[in-house]
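Enquirer: Chains as they are written, first to last, in the working numbering: chain A, -15 to 111; chain B, 734 to 1077; chain C, 1214 to 1384.
Because the hints were derived from the structure by calculation, they are not lab data.
Some hints could be false.
Calculated lysine to aspartate or glutamate pairs in the EDC-like style (CA-CA distance at most 20 Å, straight line) [to be verified]:
| hint | chain 1 | residue 1 | chain 2 | residue 2 |
| --- | --- | --- | --- | --- |
| 1 | C | 1294 | A | 108 |
| 2 | A | 80 | C | 1362 |
| 3 | B | 1056 | A | 108 |
| 4 | A | 80 | C | 1356 |
| 5 | A | 104 | B | 1048 |
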Amino acid sequence: MVNYVPVLLILIIAIGMAAIIIILSRFAKKRRPTHEKLMPYECGVEPVGTARERQSVKFYLVAMAFLLFDIEAVFLVPWAVVFRGVVQSQVYQHLKFVFYGEMMVFMVVLFVGLVYVWRKGILEWNR
Amino acid sequence: MTNLLLEWVIKTIVILLILVTAVAYVTLMERKVMAWIQMRVGPNRVGLGKFRLWGLMQPLADGLKMIFKEDIIPLQANQWLYVLAPALSLIPALMTFIVIPYGSQITLFNYTIELHVTRMNVGLLYVLALTSVGVYGIVLAGWSSNNKYSLMGGLRSSAQMISYELALGLSIVSVLLYTGTLDLVEIVDGQRGFHGLAWNIFHYPLLILVFIIFYIASLAETNRTPFDLPEADSELVAGYHTEYSSMKFVMFQMAEYLNLITASSISTTLFFGGWNGPFVGRLPYLGPVYFTVKVFVLIFMAMWIRYTVPRFRYDQLMRFGWKFLLPASIVNIIISSTVILFMR
Amino acid sequence: MWQEKVLFIVFAVIAIASALNILLQRNPLYSALSLIGTLLSLSALYLTVHAQFIAAVQIVVYAGAIMVLFIFVIMLLNVPKDQPQIEKQKGLRYLAIPFAGLMIAEMFYVLRPIRLTTLPIQSGNAEQAVGTTWSIGTALFTDYLLPFEVTSVLILMALVGAMVLARREGD
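Between the sequences and the hints, there should be enough to build the whole structure, so can you do that?
Expert: Here it is as structure tokens:
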């Protein structure tokens, strides 16, 4: 468990670096804000409309699909780590095919999900 | 305990220094490679004082220029998020490098040093976790800039990143089937032998397909061409970093190149034997050398692809990620597990 | 060891502070970011009890996928800041305190008899240690096989449900 302290260490160092860079950029030169510089950039013309309009719902669907397949990937990870050891060990020889079959059932169910999403056209246009 | 802490601090600082220099010179390498592919020369004048160093001080000049540019914060932008977003992009990009093994062990002044900062038994999941957190910097940058182009670029870019993260994760699962461990140090140790050439990609040839999927997915993750529509200049202006100037922009660029270096490092660790190579047993100092060479070959390949291939349109990109790469990585898992089930 | 206690207290304080911040912020995006902070400190707390796999998975799934979904939704719907509202039923405020007290009493009643036991983490064989990927893998596919397969059906249901709810016909 001691092994995880460097994560905290590098987090603190990285936050320090980011903070130094931001502070550096605040104080390293003069700020001369003019009206044009402060407006949102729209290729040189006056901005039309607000930036907070509603976006398409497709982003939500992509995020939802990503979430569910991510959970599947997370279930696959311990299986993959254990799989080779189980298949090649002496003790669990009789469980080889069961182990394999379990995950295949899982993946088939999720594959059905992928086919459903595909056929419904959610993976089309703008994606 | 304090000995250990000191060792960690020194290793972390050394790695960060090397990384920051590496990022600076990768930008120079990018410009030179771009130039040579486009049949011109690239920056070759910036030197130091009277010494013309063939352009090697170019990153220093660029850095100094960026520091002295004016820091504009748009009027309607959300101040806190606007400043937080580049930091959120940079910090996960820096944190990956503590789990990657750069060599085996070297002995320095009677002190044995392992050439990795720390050794986690869930190292590969840690890398995946940091990749997942890297999305936030982009989507918050897009939102907080209060600019239509930024918002659209940010949303599209993050949707692209999460789509390709799936293919990335599933190709990592394929590798895990062969290695049986998430610990990166152990994965590299398992690729020793055969005069240092028992790399995973030679030992298990099916991993070539997995590597191709992993590499393409990592190119899309880091928003490099041909997947850089959300930040291409002729498309959405500059996408999520339109409104950023000076050092915050530098932070985004640093994060992008750091992500590229991370992706190449993980590829070499998983597929190409990490620091393994001929004669590494006798001369442990060769370990980091082999590692660096392999990482640079992969970075060069990424740049080569960037200046050769036209970019995908956004819907083609998403279609490719969901309809081709994801099923391909699932099929790879099934094939690899079937092979393992029936072999040896 | 005192270092573990210090780390635990630090991350627990950060988790509680972020959780309070979720409630106290008006801007929904700040609340979402505070939730991400809570999840990250929870992940660190998992590490202090040697559950490394769960700590990493917490960040991959919860902070990396679910919160991305939340943030997308907040941005897509352009959820406005909370405005101060006129309370329509003042009496509810006085009802809240006894209910909160009741809930805290219930928590004490449930948590009091728990005795802290030491987990079998210090065993020499690293593979048998609780919380590593190996032990979770073997347990998940032997003892807990049925919940695992049911999870796949659950995920399929969630996928189909989300797609049905979010699309309009002819879209």
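Enquirer: Output the indices of the hints that this structure fails to meet, ascending.
Expert: 1
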